[in-house]
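Protein chains in written order, with the working numbering: chain A, 1 to 120; chain B, 1 to 135.
These are calculated hints, taken from the structure and not from any lab test. All values reported here derive from a predicted model rather than from experimental measurement. Yeah, the Cβ is synthetic: ideal placement off N, Cα and C, and Gly gets one too. Among the clues, some could well be false.
Stretch by stretch, here's where chain B covers chain A in the computed footprint (C-beta under 8 Å, at least three residues) [said to hold, decoys possible]:
hint : segment
1    : 20 to 33
2    : 46 to 59
3    : 89 to 99
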Amino acid sequence: MNHPRWRDDRGVGTVLGLALGFVLIAAGLVIASLASVAVAHQRAAVAADLAAIAAAARGCEAAERVARAQGAVAVTCRIEASDAVVTVAIPAPEILARWASWAGREAPVIPSSSRAGAPD
Amino acid sequence: MHPDSHPAIAPRGHRRLRSDNGSVVVEAALVIPVLLAVTVLLVWVTSLGATYVRLLDVAQTAARQAARGAVVETGASGVDLAVTEVDGLVRAEARQRVSPPLAGFLGWAVTVQAEAHAVPEWSIAYDVEEPGGMR
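All chains, full assembly: derive it from the sequences and hints.
This is how it looks when you write it as C-alpha cells:
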C-alpha cells in the first residue's frame, strides 16, 4: 500500500459499486433461472393433471389435445384398469435453454406424470 | 489524505478540489440508486413468476369447474378471469397486472396471464354430483 497511486480514495466507490453490481446481476441470473424452472415444473404438473383427467373422462386422444393446448411437446398416455396414466413434457424455459446451449448441451424438457380415474 | 503528501498527482486548481475527501460519498450517491433499481427489478421479476404460478392455479380450477358444468368462482381478488370454449375444449384465462415493488406510483405494470384447458364432461356417464372420485 506504499505505492503513491494507491494512497487516495478516488474511484473506490466506483469499484465497490461495480463489484456490487456484478454480484447483484449474478444473483439475479441464478434467481431467475431457479424461478423459471419452478414455474415450468408447475406448468408441467398442471398439464399432466388436466390431461390425465381428460384421459379418464374421454380417452387418450382428449388427453393429447389438452396437453398440447397446455404447451406440452411430448405426451404419453395409457389406460391401466380404470385409471389413466399420462406423462407430459414441457419445453425448458428460455433462460435454461440458453444456459444449456452455452454449455453445449441440448435444451432439456421438464417432465411430469399424473394419474386419474373414474369414481369407484 | 492531504494533497501535499501526494507526489504522483500534482496539486493543481482550486484548493477545495485538490482533496479526495468526499469522493467516495459522491460515487456512492451515484451508484446506490442504480443498485437499488436493479434490486427492485429483481424482486419484480421474481414476483411475476410467483403471480404466474398463482394464476395457473386459478385458471386450472376455473377450467375444471367449467368443464364439470359448475359455476365458475373467481375467488382471488384482482384476477381477471375469462372462460371460453375453443375447439371443443374449455379454456380458462386468468390475468393480473403486477406493478414493480416500491415503484407502483410510476404506473408501470406487466400483465401476467395463465391459461388452462379441460374437456367438457357435463354429458359423460358417471355421477356429476359426487366430485370425490377425481384424483
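Tested hints:
1. 20 to 33: holds (count 8)
2. 46 to 59: holds (count 8)
3. 89 to 99: violated (count 0)
The structure does not agree with numbered hint 3 stated previously, though it agrees with all others.
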